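Colleague: Take the sequence shown: its position 45, counted from the start at 1, is 45 in our numbering, and no numbers get skipped.
Some hints here could point you the wrong way.
Computed cross-link-like contacts, SDA-like style, restricted to lysine to any residue with a CA-CA straight-line distance of at most 25 Å [what the hints assert, rightly or not]:
hint	residue 1	residue 2
1	K102	M123
2	K40	Y96
3	K88	T31
4	K88	K40
5	K46	K88
6	K104	V72
7	K68	T50
8	K91	R120
Here are the in silico distance ranges between beta carbons for each label pair [stated by the list, open to error]:
hint	residue 1	residue 2	range
9	K104	D56	40 to 48 Å
10	V59	K130	35 to 43 Å
11	T65	K43	41 to 49 Å
12	Q63	D117	22 to 30 Å
13	D125	T82	27 to 35 Å
14	G34	Q84	17 to 25 Å
Calculated directly from the structure, the hints in this document are not laboratory data.
As the structure is a computational prediction, the values presented were derived from the model and not from experiment.
Each residue gets a CB set at the ideal place from its N, CA and C atoms; glycine is no exception.
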Amino acid sequence: MKNGLLISSLLFLLCSFTLTGDYTEVISAITSTGLPATAKQNKEIKFKITSELNNDCAVYSRQETNQKAKFVSVTIYGEYPTSQNCNKVIKEITTYFSFTPKSKGEYIFQFTKGLKDGVREYMTDTLVVK
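Can you build the whole structure from these sequences, using the hints too?
Modeller: What follows is the structure in structure tokens.
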């Protein structure tokens, strides 16, 4: 009985943290990447992406990647609590990205730096696949 009560209590606590909806998701500004200049066809590359969150309560949320032909767009999102007082600081986060180019040629990568007047700004880089 005690184990069942303990498990029920833990599940209630976990659900109370994830179901409250007290977070706002925003774009995390990508500041640098380790995208290599060249790669080989059908060979996976992995590289680091560094982005920034704007307070000490913010946490990594997710990564969104869209690819159309040889154009790749990458956006990182962070979650900010809406009901906490947080210190305004720049907090760096590091994520890792894997990509396998399927054909030879130039791939254009756009990494989201943020929004300016409601329009996304990008850092653009090129990967040459041999």
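Colleague: When the hints from earlier in the document are held up against this structure, which numbers fail?
Modeller: Violated hints (numbers, rising): 4, 5, 11 and 14; every other hint is consistent with the structure.
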